Amino acid sequence: MSAPAETVAAEPAAGAWSPAPQPVEKTPHGPRPPVVQFEKVTKKFRRGRTWSTAIENVSFVVEDLPEVGEFITILGPSGCGKSTVLRLIGGLEPHHPPTSGRVLVFGQPVAGPSADRGMVFQDYTSYPNRTVLENVEFGLEVQGMPRQERRELARAWVAKVGLAGHEEKYPHELSGGMRQRVAIARSLVLKPRIILMDEPFGALDPETRYAMQELLIGLWREAQATVFFVTHSIPEAAYLGDRLYLMKANPGRLVEEYKLPRPEESPLVVETRADFREVVATLKAKVFGRQGGAAGTAD
Amino acid sequence: MPALRRRLPWLWTWGIQLGSVALVLLLWWALTWGAPEERVLSPLTLPSPGEVLRSFRSLWFDAALTRSTGWSLGRIVLGFGLATLVGVPLGIFAGCFRAVEAFLRPSTLFLRNVPIAALIPLTLVWFGLGETQKVFFLFIACVAFVIFDTTRAVLDVDERYVETAYTLGAKRRHVVWKVLIPIALPDIFNSLRLLFGLAFGYIVLAELIDAKFGLGYIIQVAQRRGPREHIYWVLLVISLLAFATDRLLLALQRRLFPYRFAEG
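As you go down the protein sequences, you meet chains A and B in turn.
Take the first sequence: its position 192, counted from the start at 1, is 192 in my numbering, and no numbers get skipped.
With positions in the second sequence counted from 1, the corresponding number in my numbering is that position plus 299.
Since the hints were derived computationally from the structure, they do not count as laboratory data.
Please note that the accuracy of each hint is not assured.
Just so you have them, the derived chain A footprint on chain B, three or more residues with Cβ under 8 Å [said to hold, decoys possible]:
| no. | stretch |
| --- | --- |
| 1 | 450 to 462 |
| 2 | 469 to 483 |
Pairs of lysine-lysine residues, derived as DSS-like cross-links and limited to a Cα-Cα distance of at most 27 Å, are as follows [unchecked claim]:
| no. | chain 1 | residue 1 | chain 2 | residue 2 |
| --- | --- | --- | --- | --- |
| 3 | A | K169 | A | K191 |
| 4 | A | K160 | B | K477 |
| 5 | A | K40 | A | K26 |
| 6 | A | K26 | A | K284 |
| 7 | A | K191 | B | K477 |
| 8 | A | K160 | A | K191 |
| 9 | A | K259 | A | K284 |
| 10 | A | K259 | A | K26 |
| 11 | A | K169 | B | K477 |
| 12 | B | K470 | A | K191 |
| 13 | A | K44 | A | K26 |
| 14 | A | K284 | A | K191 |
Owing to the predicted nature of the structure, the values given are computational and were not obtained by experimental measurement.
Note that beta-carbon positions come from the ideal geometry of N, C-alpha and C, so glycine has one too.
For reference, chain A alone in the conformation it holds in the complex:
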């Protein structure tokens, strides 16, 4: 089980899943500044008299590829700092700023939250006092876009996430899946370069979850944004990701990455494939810490 030579990007055969991990890319070598770069990032929180470490010495690079955005899933057990990584990119307190190290977005240190890094949370965050349309308009409204213009744009995005006909409904009249569609439309209408998703489908039933995964992939292809998607569902991480970061807890750290193919089939079909199931089984063993996790971690 030797790691492939570091010069080769080691793309697995198209359309096939390989359970072989790769070392995490830590230094940028593209011509453009990377989309996101973590340089030895550590975040500690004070807990009374002691300090607890959320993440320790996390380094990775997501290159800025022309014309496409990568879909990156972050997988790991609870307490491994998945959300911390996401919120550091988003510039959200109290995780931002890091205790040490640097978080760079397009070469610039993150100063705080902004509309070019949209965020979708697990909890339903649709504003209860606004209709679906008004929710999707929110970001455009604070930008100062004229009412008529933003209304049309929002209407188009409401349709894109499959909520046409529900424009005038209030969030309490919607199901969980529909509310997450609102949250996704509300974020994507602003054309963010980066989309941060913190277990957005975690509270949905399996059927809705599959539908949302397919919807998200379709929207992401169109949006050409880089997605960071935190989940604790192993099949979800393996299905959605072009690249999967595996994290471990105590202290939270990034251990390895996986390059994954982009399937054309729906998640339900993919989950029956043998090579996919092998990857899921491998990841499961690693997340739950069996097999000693010894397999070639180059950290």
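Got chain A sorted already, so can you dock chain B onto it with the hints?
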């Protein structure tokens, strides 16, 4: 045995409520039945239902019930309106900035815990005997509660809404005007409705001293000069009025915030 917490058919609910009222009336009637000297309770302690009913005429004409009610309502609306006008903005300010909250906390804590009746002598010293004293007494009695509840409502807005707003490009002023205030508003309105009931309860205290009109004034006069029957009428009028305003505000609240207060 009925199942725990199970809803009753509405006919049962109404029947039991009516029965409860009827029982009180029956008890009242039984305790005050007969010639004055034969009653279980003397007419001085408790007049009979018939006597109370017959006193309505003098209440309406001699004690000017409608005008008194108008005066009382006016004082409540003024005093409470002032408390709302001052308390809601201060509460929002305190909910947005913890430093303001810390600054206001000692005063609101004091005013919420001091026995309100004990403030009457002070308000008399400060504002004299006129209308100002009555309005400001109600203001002082309510404003701390308004501030406190408004602050609470703003602080209770889930942080996720705020974070989401920031990641959608909102600046601080947007978060205040487009997120915190609109989302806290139903709760603020709801607590104002409940506090308005509180103000209603204080009106009699406010009118204890040197009122020219008012429901509290009728009670004063009835206690000193009679007829005592008026006291029972006023108690009924105050609670009915308070109940009616509460229902009215509740209906308004459901119209204003249908997404928050569902019918039912």
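Structure-based check of all given hints:
no.	hint	in the structure
1	450 to 462	holds (count 4)
2	469 to 483	holds (count 7)
3	K169/A <-> K191/A	holds (24 Å)
4	K160/A <-> K477/B	holds (25 Å)
5	K40/A <-> K26/A	holds (9 Å)
6	K26/A <-> K284/A	holds (25 Å)
7	K191/A <-> K477/B	holds (21 Å)
8	K160/A <-> K191/A	holds (14 Å)
9	K259/A <-> K284/A	holds (16 Å)
10	K259/A <-> K26/A	holds (15 Å)
11	K169/A <-> K477/B	holds (19 Å)
12	K470/B <-> K191/A	holds (18 Å)
13	K44/A <-> K26/A	holds (21 Å)
14	K284/A <-> K191/A	violated (34 Å)
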